[in-house]
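Novice: Chain by chain, the residues:
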Amino acid sequence: DSGVTQTPKHLITATGQRVTLRCSPRSGDLSVYWYQQSLDQGLQFLIQYYNGEERAKGNILERFSAQQFPDLHSELNLSSLELGDSALYFCASSVDGGLYTDTQYFGPGTRLTVL
Amino acid sequence: AQSVSQHNHHVILSEAASLELGCNYSYGGTVNLFWYVQYPGQHLQLLLKYFSGDPLVKGIKGFEAEFIKSKFSFNLRKPSVQWSDTAEYFCAVNAPPRNMLTFGGGTRLMVKP
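Going down the list, the protein sequences come from chains A and B.
Taking the working numbering, the leading residue of the first sequence gets 1, the next gets one more, and so forth.
Taking the working numbering, the leading residue of the second sequence gets 1, the next gets one more, and so forth.
None of these hints come from the bench; they were simulated from the model.
As the structure is a computational prediction, the values presented were derived from the model and not from experiment.
Worth double-checking, as some hints may not be accurate.
[Stated by the list, open to error] Cross-link-like lysine-lysine pairs, in silico, DSSO-like; alpha carbons within 30 Å at most:
1. A:K57 to A:K9
2. B:K49 to B:K69
3. B:K71 to B:K49
4. A:K9 to B:K61
5. B:K49 to A:K9
6. B:K69 to A:K57
7. B:K49 to A:K57
8. B:K112 to B:K61
9. B:K58 to B:K69
10. B:K49 to B:K61
11. B:K71 to B:K58
12. B:K112 to B:K58
[What the hints assert, rightly or not] Ranges between beta-carbon positions, derived for each pair:
13. B:L56 to A:R63: 24 to 32 Å
14. B:S3 to A:E82: 21 to 29 Å
15. A:T101 to B:G28: 17 to 25 Å
16. B:S18 to A:E62: 24 to 32 Å
17. B:A1 to A:N51: 19 to 27 Å
18. A:R18 to B:G62: 28 to 36 Å
19. A:L39 to B:K71: 25 to 33 Å
20. A:K57 to B:K58: 29 to 37 Å
21. A:P70 to B:P113: 49 to 57 Å
A virtual CB, placed ideally from N, CA and C, is assigned to each residue, including glycine.
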């Protein structure tokens, strides 16, 4: 157990819908990272938040957005869902976000299925 | 932007065999290198990491990796695999100052008892 929690574990929804994935970082960690793992794209970095502010952005679609709240939990919002958005979404956390030597600890993931 | 290649997509070994998984990266500057493992149904766990210093890095569960800068490689090794090593292995890099990880495509290892 890494100490990073994600809910829900599984999510099944229909095309065009909107969903919210939740992540709670390890106690004391200020940075949260979101990654998408799909069969065709592999593991891709989406976005990073540090202490409530966006720190880095990767291959995140405009239909996707994220935020980090004052209690440091983060939510990833996916809207206008398409079949291709079906994937495993991982959250990771690290102590800091400005230190590239920080180890990222991964959560168990949320498996999203879009029908 | 950096990229990572793992050439072996699937590897099947018998218990006690030696393991070497290849990882090559593409980036002109300083990088940090990582190997993560994902056991079936579980989250990604860090096996080992290289930031600087001795290019031979030892990690958990008997794994080690060697950073060869001239070859842009960071291959993972284990002298004798066990059935419990069956998992998917991911090589990853980040390039300072950012801590965003770029992952390779992963290698699925199956160890036959």
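Novice: Give a verdict on every hint.
Specialist: Structure-based check of each hint:
no., hint, in the structure
1, A:K57 to A:K9, "holds, 24 Å"
2, B:K49 to B:K69, "holds, 15 Å"
3, B:K71 to B:K49, "holds, 18 Å"
4, A:K9 to B:K61, "holds, 28 Å"
5, B:K49 to A:K9, "holds, 28 Å"
6, B:K69 to A:K57, "holds, 28 Å"
7, B:K49 to A:K57, "holds, 23 Å"
8, B:K112 to B:K61, "holds, 18 Å"
9, B:K58 to B:K69, "holds, 17 Å"
10, B:K49 to B:K61, "holds, 14 Å"
11, B:K71 to B:K58, "holds, 20 Å"
12, B:K112 to B:K58, "holds, 24 Å"
13, B:L56 to A:R63: 24 to 32 Å, "violated, 44 Å"
14, B:S3 to A:E82: 21 to 29 Å, "holds, 25 Å"
15, A:T101 to B:G28: 17 to 25 Å, "holds, 20 Å"
16, B:S18 to A:E62: 24 to 32 Å, "violated, 47 Å"
17, B:A1 to A:N51: 19 to 27 Å, "holds, 26 Å"
18, A:R18 to B:G62: 28 to 36 Å, "violated, 45 Å"
19, A:L39 to B:K71: 25 to 33 Å, "holds, 29 Å"
20, A:K57 to B:K58: 29 to 37 Å, "holds, 34 Å"
21, A:P70 to B:P113: 49 to 57 Å, "holds, 50 Å"
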